[in-house]
Amino acid sequence: MTAARNQALATQARRVYLEALVRGMTPLVAAVGQGATQLLAQGAPHAVMMARRDAVQAWQKAGPNWQMGVVAALRHAAVHGVSDNAREHDAAAPASSLKMSLVDDSTIEREITSSRLALVMMDRATWEFTDLRTRMQALEAHDDLAPLDLLRAHVVARVALDAWGRAGLDANIWQLLHHELHEEFAQLISEAYHETNRWLIAQKVLPEVDLRPFIRRTAQSVREPAAVPAAAAPASAQAGAGAGGGATGAVGDAAGGAGEASGSRSKASSQADEVMAQLQRVLARHVPGFPVATSQVPARPGGGKPSLAALAGNSTLSGTEMAASGAPKPSLADATPAAGSPRLMGAIKHAQESLQRRPGAAADSGAAAGASAPRALEEIGARNQAFKQVLKQAANNPAERATIEIVAMMFQNILTEERIPATVRVWFARLQMPVLRVAVSEPDFFAAADHPARRLIDRMGACVMGFNTAQTTGPGAERASNDALEREIKRVVQVVEAYPDTGRRVFSTVLTEFEKFLDNYFENENQASKRGVSLAQQVEQRETLAIQYTIELRKMLSEVPVQDGVRDFLFHVWADVLAVTAVRAGAQSDVTKAMKRAAADLIWSASAKASREERADVIRRLPPLLKTLRDGMSHAGVPTDKQDEHVRLLNNALAAAFTAKTAAIPRERLDELMDQLETLEAMLPEDVSGDSEVDEMLVRDLSGHESDGMEVVAEGGSAPTPAMVAWARELQVGGWFMLDYRGRNEQVQLAWRGLRKQLALFVTPKGRGVLFSLNRMAAFLQAGLLLPAQDEALTVQATRKALARLDADPAQLLK
32 MTAARNQALA TQARRVYLEA LVRGMTPLVA AVGQGATQLL AQGAPHAVMM ARRDAVQAWQ
92 KAGPNWQMGV VAALRHAAVH GVSDNAREHD AAAPASSLKM SLVDDSTIER EITSSRLALV
152 MMDRATWEFT DLRTRMQALE AHDDLAPLDL LRAHVVARVA LDAWGRAGLD ANIWQLLHHE
212 LHEEFAQLIS EAYHETNRWL IAQKVLPEVD LRPFIRRTAQ SVREPAAVPA AAAPASAQAG
272 AGAGGGATGA VGDAAGGAGE ASGSRSKASS QADEVMAQLQ RVLARHVPGF PVATSQVPAR
332 PGGGKPSLAA LAGNSTLSGT EMAASGAPKP SLADATPAAG SPRLMGAIKH AQESLQRRPG
392 AAADSGAAAG ASAPRALEEI GARNQAFKQV LKQAANNPAE RATIEIVAMM FQNILTEERI
452 PATVRVWFAR LQMPVLRVAV SEPDFFAAAD HPARRLIDRM GACVMGFNTA QTTGPGAERA
512 SNDALEREIK RVVQVVEAYP DTGRRVFSTV LTEFEKFLDN YFENENQASK RGVSLAQQVE
572 QRETLAIQYT IELRKMLSEV PVQDGVRDFL FHVWADVLAV TAVRAGAQSD VTKAMKRAAA
632 DLIWSASAKA SREERADVIR RLPPLLKTLR DGMSHAGVPT DKQDEHVRLL NNALAAAFTA
692 KTAAIPRERL DELMDQLETL EAMLPEDVSG DSEVDEMLVR DLSGHESDGM EVVAEGGSAP
752 TPAMVAWARE LQVGGWFMLD YRGRNEQVQL AWRGLRKQLA LFVTPKGRGV LFSLNRMAAF
812 LQAGLLLPAQ DEALTVQATR KALARLDADP AQLLK
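Numbering (the numbering used here), first residue to last: 32 to 846.
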């Protein structure tokens with residue numbers, strides 16, 4: 032076909048589409064009128080009935096005028112196009128008059144209503160629209176339809192809403208009739224698309240629509256063998272580079288090697304860097320003047336984090352209290368200055384305040400819980416979409432519009448993540464405007480996966496992705512535990528909202544506070560984990576004390592003539608007995624002191640005995656001493672057969688002492704040893720974290736600690752590499768994993784890390800604990816027996832999905 036012929040077909044297709052819309056308005060108005068009449072027949076409280084009666088009367092009076100207004104507006108738009116009134120007004124207005132009228136409440140409400148109508152229409156007509164758009168692109172030789180093309184559903188929705196207001200109908204009437212309006216408009220546009228497609232097919236315009244030429248493939252995806260299913264490909268290969276072109280293939284190829292070459296970084300970190308690099312390339316290629324970050328600001332700057340009281344400059348009023356009381360919100364003098372235009376930053380502030388006033392009220396009062404949460408989430412999602420359009424109108428340059436689009440895409444993906452409960456997603460949605468403010472001000476938000484704003488969302492998301500009350504032992508207790516975590520997420524969001532000018536600092540501060548909360552939450556509030564955490568802490572304390580006691584006993588006996596059998600018993604058995612007793616009864620308890628006296632008596636009994644009186648004294652004191660030793664070993668979990676073996680070796684050592692030719696221990700030295708044992712805790716080193724001091728031979732077999740509700744992993748996996756040990760050390764409390772152990776493959780949550788990260792406790796939703804040493808955990812990770820529930824962090828996944836959409840249509844960044 033010639034270009035002229037194609038243009039003529041496109042023009043006629045638009046007439047067919049327009050006439051289908053105009054014809055459909057008559058049955059649409061009739062159906063809405065019938066629905067309005069049925070409202071009056073439904074029972075309702077008196078106030079509601081009065082509102083319905085007034086609405087129906089208003090509709091019956093103004094409905095025909097609205098129909099004529101819509102038809103006239105559609106015909107006008109078909110000839111002259113649809114203007115963006117807000118932008119035209121802003122362009123004509125002097126700079127001094129550019130205030131907040133652009134995003135006043137009426138504009139916001141109209142955009143929200145229009146967005147919701149457009150979404151309903153596209154849900155019904157997605158496939159018909161896709162086919163029609165493809166055919167029109169082929170005829171008109173354009174990359175895509177114009178943003179305000181009448182063929183787009185949101186333009187039809189805007190026309191309908193504008194005519195609604197001109198006809199004298201208000202938003203309340205629309206809300207009462209919105210079910211019928213949504214249904215009829217969805218049917219109308221679906222039929223119009225279908226009729227236009229049918230006519231184009233009759234004209235032999237792309238009878239079979241093939242979308243494959245419109246799919247942009249990455250260099251890496253081209254190299255993938257065709258026989259490999261998409262689900263089996265690695266995440267980095269599936270996402271694609273989009274507009275980055277062939278350069279993405281190099282990054283994808285390098286991603287695997289990066290994880291092996293970097294000793295302390297996990298595979299997930301490597302993939303996150305890949306996504307950030309890919310995003311940078313897309314922005315640099317398609318957004319003129321985008322301030323691409325050249326370096327990454329450290330996510331954890333040196334020095335301590337300021338408290339929220341310090342952030343506020345008020346030591347007596349917390350951020351939560353300020354948010355609740357409506358107190359003035361101070362800004363920091365040293366806060367990062369906003370790089371965005373004042374107009375856009377003001378619009379963001381106004382949008383955030385609107386979100387806090389409206390959908391937040393339902394969540395604050397608890398109405399968002401349970402069945403109402405999806406409705407609240409739908410409302411916030413629609414408002415955020417409406418805000419996106421309003422904010423783009425306030426943007427000053429392409430870079431700001433691209434930032435708005437990417438952040439909106441990220442949060443749209445986060446808010447559709449079904450593994451996160453809807454009650455939590457409601458609060459995540461409230462972070463979109465604060466995050467947008469940071470993204471506009473700090474270009475490294477799009478370059479660094481460890482930006483504090485990203486890390487906060489990732490940490491909170493990772494902790495709630497495992498909520499599953501169907502697997503809990505007590506629904507009430509589990510609900511209380513989940514409520515505590517949801518309350519903290521709510522508090523975090525409110526604090527971020529309360530300090531809109533602090534940017535990175537407030538995100539960094541609340542992240543630190545959230546991590547502190549998690550430690551207390553799993554230890555004291557989470558019903559599934561708190562017993563296991565208590566046991567794990569006792570295990571760690573026992574192991575630490577056993578090592579410390581052994582070190583001190585070695586120092587004490589370094590110059591004391593004691594039989595080797597007794598020396599080994601004290602180092603390898605009795606140090607552990609002292610540790611267990613100190614943990615259970617207290618270091619200064621009578622039973623612990625008795626165990627220390629037993630150690631002193633054993634040392635004396637095993638020294639050389641030259642006189643008959645000393646030998647008789649040993650024989651007399653031996654039975655109660657052996658009983659004390661057995662009691663101590665029993666409390667420490669030493670099996671009976673092991674006890675018998677130890678006692679036999681001690682008897683041999685004591686017998687040898689009767690014939691020893693070495694010098695006896697002087698009474699003064701024995702008294703000194705006894706005093707040292709009495710005050711042993713005061714001499715214990717505070718830190719035994721140095722690897723050189725922790726001898727593997729000194730760490731007791733943890734299987735002796737196993738009890739009801741606690742399993743200790745003593746075997747399994749393969750010898751871990753240093754990189755795997757480093758990855759195991761980086762795992763954060765709150766994350767969910769799949770554990771394959773003892774014939775079970777089940778979901779577990781990392782609930783506790785030891786002070787030196789040498790021990791880690793995972794808990795199942797039913798409350799059973801599984802305790803790992805660091806090396807054993809690394810071995811399970813390496814063998815694939817312990818797998819993270821998330822392949823990548825929440826914001827990285829959201830960014831990857833956004834990139835996939837931009838891959839198909841990079842022009843979205845500038846619309």
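It is worth saying that the hints were derived from the structure and are not from the lab.
Be aware that one or more of the hints could be misleading.
To be verified - Simulated pairs of lysine to any residue, SDA-like, Cα-Cα distance not exceeding 20 Å:
1) Lys788 x Thr752
2) Lys92 x Asp180
3) Lys624 x Gln572
4) Lys586 x His603
5) Lys561 x Arg784
6) Lys788 x Val756
7) Lys788 x Glu761
8) Lys547 x Arg518
9) Lys547 x Asp514
10) Lys92 x Met81
11) Lys624 x Lys673
12) Lys658 x Gln674
13) Lys658 x Arg700
14) Lys92 x Thr138
15) Lys797 x Gln572
16) Lys832 x Lys547
17) Lys832 x Ala820
18) Lys658 x Arg643
19) Lys561 x His603
20) Lys832 x Gln572
21) Lys380 x Thr138
22) Lys658 x Ser642
23) Lys673 x Thr659
24) Lys673 x Arg700
25) Lys797 x Arg773
26) Lys586 x Glu761
Restraint status (C-alpha distance of Lys547 to Arg518 at most 20 Å)
At roughly 15 Å apart (the allowed maximum being 20 Å), Arg518 and Lys547 satisfy the hint.
Holds or violated: Lys586 with Glu761, Cα cutoff 20 Å?
violated, 35 Å
Straight-line Cα separation of Lys561 and Arg784 no greater than 20 Å?
holds, 13 Å
Next pair to validate is Lys788 with Thr752; report whether the Cα-Cα distance is within 20 Å.
holds, 17 Å
Under the criterion that the straight-line Cα-Cα distance not exceed 20 Å, is the pair Lys797, Arg773 satisfied?
Holds: Lys797 and Arg773 sit about 16 Å apart, inside 20 Å.
Is the Cα-Cα distance between Lys658 and Arg643 20 Å or less?
Between Lys658 and Arg643 the Cα gap is close to 24 Å, so the pair fails against 20 Å, i.e. violated.
Given the hinted pair Lys92 and Met81, is their Cα-Cα distance within 20 Å?
Holds - the C-alpha atoms of Met81 and Lys92 are around 17 Å apart, at most 20 Å.
For a C-alpha distance cap of 20 Å, please report whether Lys586 and His603 respect it.
holds, 14 Å
Check the hint pairing Lys658 with Ser642 against an upper bound of 20 Å on the C-alpha distance.
violated, 25 Å
Please verify whether Lys797 and Gln572 have alpha carbons no more than 20 Å apart.
Distance of about 25 Å is beyond 20 Å: violated.
For the pair supplied as a hint, Lys380 and Thr138, is the alpha-carbon distance within the 20 Å limit?
Distance of about 15 Å is within 20 Å: holds.
Below or equal to 20 Å on CA atoms is what counts here, so check Lys547 against Asp514.
holds, 17 Å
When each numbered hint is compared with the structure, violations occur for hints 2, 11, 13, 14, 15, 16, 18, 19, 20, 22, 24 and 26.
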